[in-house]
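Going line by line, the protein sequences match chains A and B. Mapping of the first sequence onto full-length UniProt numbering: residues 1 to 216, in sequence order. Mapping of the second sequence onto full-length UniProt numbering: residues 1 to 216, in sequence order.
Quick caveat, the hints were computed from the structure, so don't treat them as lab data. The beta-carbon is built from N, C-alpha and C at its ideal position, and this holds for glycine as well. Worth double-checking, as some hints may not be accurate.
[To be verified] Derived, one-sided and incomplete: chain B residues facing chain A with beta-carbon distance under 10 Å:
(1) Ser113
(2) Phe122
(3) Leu204
[Claimed, not checked] Just some of the chain B residues that point at chain A, by a computed CB distance under 7 Å:
(4) Leu22
(5) His24
(6) Asn141
(7) Lys143
(8) Val145
(9) His149
(10) Gly166
(11) Thr185
(12) Ser189
(13) Pro195
(14) Leu214
So you can see what is in the structure, the chains are spelled out below.
Protein chains: 2
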Amino acid sequence: MRISVLGSGIVGRTLAARLVELRHRVVIGSRDPGQPHISRWVRAAGELARSGTYAEAARSASIVVNATAGTATVDALRAAGEAELAGKVLIDVANPVSDPAADPPLMRTGERSLGEEIQALFPHTRVVKALNTVSPSVMVNPKRVPGGHVAFLAGDSRQAKTMVTGLLREFGWPADAIVDLGDITGARSMEMLFPLRQRLSRSLGHTNFNLGVLHA
Amino acid sequence: MRISVLGSGIVGRTLAARLVELRHRVVIGSRDPGQPHISRWVRAAGELARSGTYAEAARSASIVVNATAGTATVDALRAAGEAELAGKVLIDVANPVSDPAADPPLMRTGERSLGEEIQALFPHTRVVKALNTVSPSVMVNPKRVPGGHVAFLAGDSRQAKTMVTGLLREFGWPADAIVDLGDITGARSMEMLFPLRQRLSRSLGHTNFNLGVLHA
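Construct the entire structure; sequences and hints are all you get.
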């Protein structure tokens with residue numbers, strides 16, 4: 001598949017590298033694709049990888065991953081362009097954290113999650129919130145965490161969620177680990193897990209952890 | 001021990017009943033302690049139970065449980081009185097949900113959790129956020145959920161958290177299920193779990209579930 005990853009930070013590069021490893025064609029999109037860390041990444045990733053502007057990245061793929069910082073997401077997606085994103089599946093892995101170093105981190109407040117906001121701004125794009133609840137290394141390699149831990153999904157399109165489920169399976173998530181929280185408003189539940197993640201990360205001293213859902 | 005439970009809704013009555021079962025002396029506090037459902041509850045609970053105003057309840061106990069609705073908590077605690085609450089441990093099990101029927105539920109937003117707000121308003125009371133992340137029946141009987149699921153705690157006083165841990169152990173929580181998220185700012189992580197709980201409750205069709213923390 002042709003998959004674009006918007007954002008060249010640690011989340012974007014980790015996802016893009018894993019997608020290349022799985023033999024997908026990947027374009028990493030950035031505001032400034034000429035940045036040295038991106039060129040280095042493309043050279044290291046090999047022939048299936050390239051870089052481009054947000055718009056070039058969006059244009060070249062049927063699945064677009066939003067791995068930009070939550071505060072920069074809307075600008076990045078506007079730069080990608082509504083027309084370029086129309087008809088595509090957008091996997092939103094971002095957290096709307098205005099200051100991740102704050103303790104607790106400052107989350108964008110208000111009555112709408114970032115996932116919902118993206119879906120409202122880009123009505124012709126099928127937004128699926130996914131993977132924002134775990135660290136980048138766990139996103140692409142869930143076996144780093146032992147036991148029955150989960151990957152939540154939320155989105156209005158069943159078909160898009162099925163497509164994202166397929167990608168998660170490729171990453172190594174077992175079918176029964178994928179928990180569908182319903183329509184895109186479920187993104188709020190997922191984004192609100194960020195402060196818990198920060199606390200657990202500090203008390204455990206690493207990020208190889210995740211939540212499980214235990215039930216009767 | 002003498003324990004007061006502020007709030008006579010399902011959360012308060014469930015906690016109070018379990019505390020009586022464990023042979024604690026319990027006062028259930030209410031704005032209007034003469035309400036028929038409270039009198040009925042007291043008669044059924046037996047000689048260790050009584051009811052009173054918020055102030056009477058706070059005065060008579062060394063541990064006070066806030067089981068009022070999140071939107072009513074500050075008024076209820078003000079009615080209990082700063083002097084009556086001074087020197088006591090306050091276990092805050094409330095969620096700051098302005099409309100629990102909304103979908104997703106509308107959480108009070110802003111940059112401070114209810115737990116933090118209570119601690120700031122009542123500086124001579126040791127506030128411990130606990131149990132707000134599970135249903136009332138799981139709070140007092142964690143065995144309803146199989147497997148290794150957790151009870152989070154947050155609070156500034158180590159001693160108060162040790163006391164609350166003791167109570168959780170009495171309820172049946174195993175020692176290794178109790179996860180300390182640090183000072184009272186950790187309450188934000190815990191309160192933000194409410195929308196996830198609503199979604200999971202709907203998809204599972206019951207409330208006998210909880211989160212586990214899986215880690216390497």
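Here is what the structure says about each hint:
1. Ser113: This interface hint holds because 8 Å falls under the 10 Å limit.
2. Phe122: 21 Å, violated
3. Leu204: 5 Å, holds
4. Leu22: 23 Å, violated
5. His24: 27 Å, violated
6. Asn141: 11 Å, violated
7. Lys143: This interface hint is violated because 10 Å lies over the 7 Å limit.
8. Val145: 5 Å, holds
9. His149: Hint holds; His149 of chain B Cβ to chain A Cβ min 4 Å, cut 7 Å.
10. Gly166: 21 Å, violated
11. Thr185: 5 Å, holds
12. Ser189: 4 Å, holds
13. Pro195: 4 Å, holds
14. Leu214: 4 Å, holds
Hint compliance for this structure: hints 2, 4, 5, 6, 7 and 10 are broken, all remaining hints hold.
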